[in-house]
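Novice: Chain A is already provided as a structure; the job is to place chains B and C on it using the hints.
The primary structure of each chain is shown beneath.
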Amino acid sequence: MESMCRSVLASLLAIALPAAAQQKFIAVASTTSTEQSGLFKHLLPIFERKSGIQVRVVALGTGQALDMGKRGDADVVFVHAKPLEEKFVADGWGVQRFEVMYNDFVLVGPKSDPAKVGGTKDIVAGLQKIKAALAPFASRGDKSGTHFAELELWKVAGVDIAKDKGPWYRDTGSGMGPTLNTAAGMNAYALTDRGTWLSFKNRGDLVISVEGDQRLFNQYGVMLVNPAKHPHVKKEMGQAFIDWVISPEGQKAIADYKIGGEQLFFPNYRK
Amino acid sequence: MDGILQAARGAFGLIVSGDAALAEIVLLSLQVSLSAVALATLFGLPLGAAIAVGRFSGRRAAVVLLNALMGLPPVVVGLVVYLMLSRAGPLGGMGLLFTPPAMVIAQAILVLPIIAALCRQAVEDAWIEYEEQLRSLGAVGLRAALTLVWDIRFSLLTAILAGLGRASAEVGAVMIVGGNIDGVTRVMTTTIALETSKGDLPLALSLGIVLIALVIALNAAAFLVKEAAQRRYG
Amino acid sequence: MHASRGILPLALHDVCFSAGGQAIIDRVSTELAAGPSTIILGANGAGKSVLMRLMHGLLQPTSGEIAWNEPDAERLRRRQAMVFQRPIMLRRSALANVIYALEVARVARAEREQIAFEALESVGLTQLAHRPARVLSGGEQQRLALARAWALHPEVLFLDEPTASLDPTATREIEMVIRAFDASGTKIVMATHNLGQARRLGDEVLFINQGRLVECAPVETFFKQPASAEAAAFIKGELPWNRCADRCWRPC
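Line by line, the protein sequences give chains A, B and C. So the first sequence is numbered by our numbering: it starts at 1 and just counts up by one. So the second sequence is numbered by our numbering: it starts at 1 and just counts up by one. So the third sequence is numbered by our numbering: it starts at 1 and just counts up by one.
Extracted from the complex, chain A is given alone in its bound form (with noise of 0.2 Å):
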């Protein structure tokens, strides 16, 4: 009993040291987007190599992310959805709000076509003939910030989804891949970012159907989790984390990763 005893701390401790020999990293709470295009992988290795600092990526939706921050669970919030990061700002959550990055989203669907909306640039046009045809539309339906931003198309393209949702408006509650993978099991419409798509394997029939509209910009903002509000946030290695993504050196850093030969993420950082 007693070897049994020592054993288990023994291995307890095996695997809380190397966690704690580490002693500097920050968690960095962002979307499944920069996770899973493998941008992170690309960027954080550089960072790392610079600085000495490990960074964390704990990838949920938007809104989770942003709540991870507000608990304190988490140093720097890396997401993308304006209002919601303004807002965060605003209620004193963050320190300030940084624009990094942007990329854009597209509109997929089946080869086939069904709702017509192949070949036009704009995307409002092409949700109102989903929405005619009652074409099947795979959503996100995680409040993530993907989720916002097509809940925002809906209402410029005049689509009223709380009301008219019906059996072929599919409300997933599950993460960009997982759409997906739902919409490429049925033949759906589904609105993604493009990184995920274009590192996204299982396809099925689906190919893009609409992109290149103004409207589909998508805007990353990062920001400090407030010490105010949590003393032990890791202010100074955050910071310059933050520092370095919106640096010259970062921004060149994110418009070098590309996959076959394509730029997903756009820097636009101004001061």
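By construction, these hints were calculated from the structure, which means they are not laboratory data. Warning: the hint list may mix true and false statements.
Cross-link-like lysine to aspartate or glutamate pairs, in silico, DMTMM-like; alpha carbons within 20 Å at most [claimed, not checked]: (1) Lys143/A with Asp164/A; (2) Lys82/A with Glu99/A; (3) Lys41/A with Glu24/B; (4) Lys271/A with Glu48/A; (5) Lys271/A with Asp243/A; (6) Lys252/A with Glu99/A; (7) Lys87/A with Glu152/A; (8) Lys252/A with Glu262/A; (9) Lys41/A with Asp205/A; (10) Lys41/A with Asp182/B; (11) Lys258/A with Asp200/B; (12) Lys201/A with Asp2/B; (13) Lys155/A with Asp171/A; (14) Lys41/A with Asp2/B; (15) Lys234/A with Glu48/A; (16) Lys201/A with Glu99/A; (17) Lys236/C with Glu204/C; (18) Lys235/A with Glu99/A; (19) Lys41/A with Glu124/B; (20) Lys50/A with Asp243/A; (21) Lys252/A with Asp104/A; (22) Lys201/A with Asp200/B; (23) Lys116/A with Asp243/A; (24) Lys24/A with Asp182/B.
Short, incomplete list of chain B residues facing chain A, as computed with Cβ under 8 Å [claimed, not checked]: (25) Ala62; (26) Val64; (27) Ser86; (28) Glu131; (29) Arg135; (30) Leu201; (31) Gln230.
Which bits of chain C does chain B cover? Going by a derived footprint, with three or more residues having C-beta under 8 Å, they are [unchecked claim]: (32) 73-81; (33) 129-136.
If you're wondering where the values come from, they're calculated on a predicted model, not measured in any experiment. Backbone N, C-alpha and C define an ideal beta-carbon position, used for all residues, glycine too.
Specialist: Same frame as chain A, now just chains B and C:
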């Protein structure tokens, strides 16, 4: 069918490639689940035995509750542990959220009722056989419970393996409290979930096969140890 | 080990024990004194084992009183030991089984091993000390059970049909051990339905039939001149094993 064959080939390829990142993930999975099971065993066996041997009011309710808790939903456990360990939560000061120890805690909570409930049943059966002898020697209460636990240790291995199966298979709790952070808290099941959401179904399935192979190997090892020990001690 | 004042005599006053509405022990009154070895004799189902468990404290009487010459329950328990018909051995070595009993009895750690070895020697199991107890033969396990009880140096040793499931050779070995314990001054209280064994090992007989104490006499008297018809019938081998079918026990 083609997909599964391809995945099996992929799994084999992953194993022989000795990919360092994969090895790290497998190792962390084992560390987390084995530690959780060890912790749950440490508390679960005495708890189960105490309920088996004890005579207290509310005992029958405790038995029912324990049996019911075997079906604890991992997501709920994950959520509760998350709220406890969150900076805004009561244990936030320990800074354990999104670390392997947090995952160990969540899985231990998930596994504890399984080990305790199965142990309770086994000890209760043994108590029928041993009761008079132990009482005659003056071994009662906790001492009797611990004596029984040690004496039926080979049968209890099955309870512990059931717990290990649960721990190594669950994804809901470790995803929430671990955060699936690359290189820090990413384990087999969360990797499988991640690859699935990235649409890389063959890789996800290959990883799944690796996980299943691992669990089978652990169970086979435990089975052999149990058999040899049982032959030795009767 | 032996205290100056003993826990004997043991007195039973109108002890009744019933289970499921049936009287299993019916108003038994008797007194066991230090010295003579006592045989509780009776047919299967007569209530021997239950009576012994009542004396040892494993069962509580439904009514009546069981009084030892010792008010302290803990000391009382430590001064007695019991060996059951089927030995229950822990999954550890023979030696460890004896040491376990000593540990529970709070014998000092330093003394345990030596006492255990002496006990094993007294039953001729020294060679098997390190063998797992559960792989020993039935006879060896029963001798180990005796060693485990004996190691506690009890003042009273209860034996519940200790040879009932053993072959003649093993039975003879067990009887030798019991006789040795008896000779060393331990009070032996043994339940059996074996008349030969009762004659060989007993000084006095408590004859039980259908839960009632029918006769209490020295061994020679009991076998030569049984006072009751039931005892006479039992000695002749004519007492039906179980008369419950034609005459149910009265509730206590």
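Novice: Please work out if lysine 155/A and aspartate 171/A have their alpha carbons no farther apart than 20 Å.
Specialist: holds, 17 Å
Novice: Leucine 201/B was flagged as interface toward chain A. Is the shortest Cβ-Cβ separation under 8 Å?
Specialist: OK, holds: leucine 201/B within 8 Å of chain A, min 5 Å.
Novice: Given as covered by chain B, does the region 129-136 of chain C meet the bar of three residues or more with CB within less than 8 Å?
Specialist: holds (count 4)
Novice: Under the criterion that the straight-line Cα-Cα distance not exceed 20 Å, is the pair lysine 252/A, glutamate 99/A satisfied?
Specialist: holds, 15 Å
Novice: For the pair we were handed, lysine 50/A and aspartate 243/A, check the Cα-Cα distance against 20 Å.
Specialist: Roughly 13 Å between the alpha carbons, so the hint for lysine 50/A and aspartate 243/A holds.
Novice: Taking only the CA atoms, is the gap from lysine 252/A to aspartate 104/A under or equal to 20 Å?
Specialist: Satisfied, since the Cα-Cα distance of roughly 18 Å is no more than 20 Å.
Novice: Could you grab the alpha-carbon distance between lysine 234/A and glutamate 48/A and see if it respects the 20 Å cut-off?
Specialist: holds, 16 Å
Novice: Does arginine 135/B pass the interface hint, meaning its C-beta sits closer than 8 Å to a C-beta of chain A?
Specialist: Check failed: Cβ of arginine 135/B comes no nearer than 22 Å to chain A, outside 8 Å.
Novice: Within 20 Å, alpha carbon to alpha carbon, are lysine 116/A and aspartate 243/A?
Specialist: Roughly 45 Å separates the two Cα atoms, so the pair is violated.
Novice: Would the hint linking lysine 271/A and aspartate 243/A be met if the CA-CA limit is 20 Å?
Specialist: holds, 12 Å
Novice: Given the hint that lysine 82/A pairs with glutamate 99/A, does the C-alpha gap stay at or below 20 Å?
Specialist: The given pair, whose Cα atoms are some 9 Å apart, holds under the 20 Å limit.
Novice: Assess, step by step, whether the Cα of lysine 271/A is no farther than 20 Å from the Cα of glutamate 48/A, and give holds or violated.
Specialist: Not OK: lysine 271/A and glutamate 48/A at ~24 Å, beyond 20 Å, violated.
In the structure shown, a violation is registered for the earlier hints numbered 4, 9, 14, 16, 19, 23, 25, 26, 28, 29 and 31, in ascending order.
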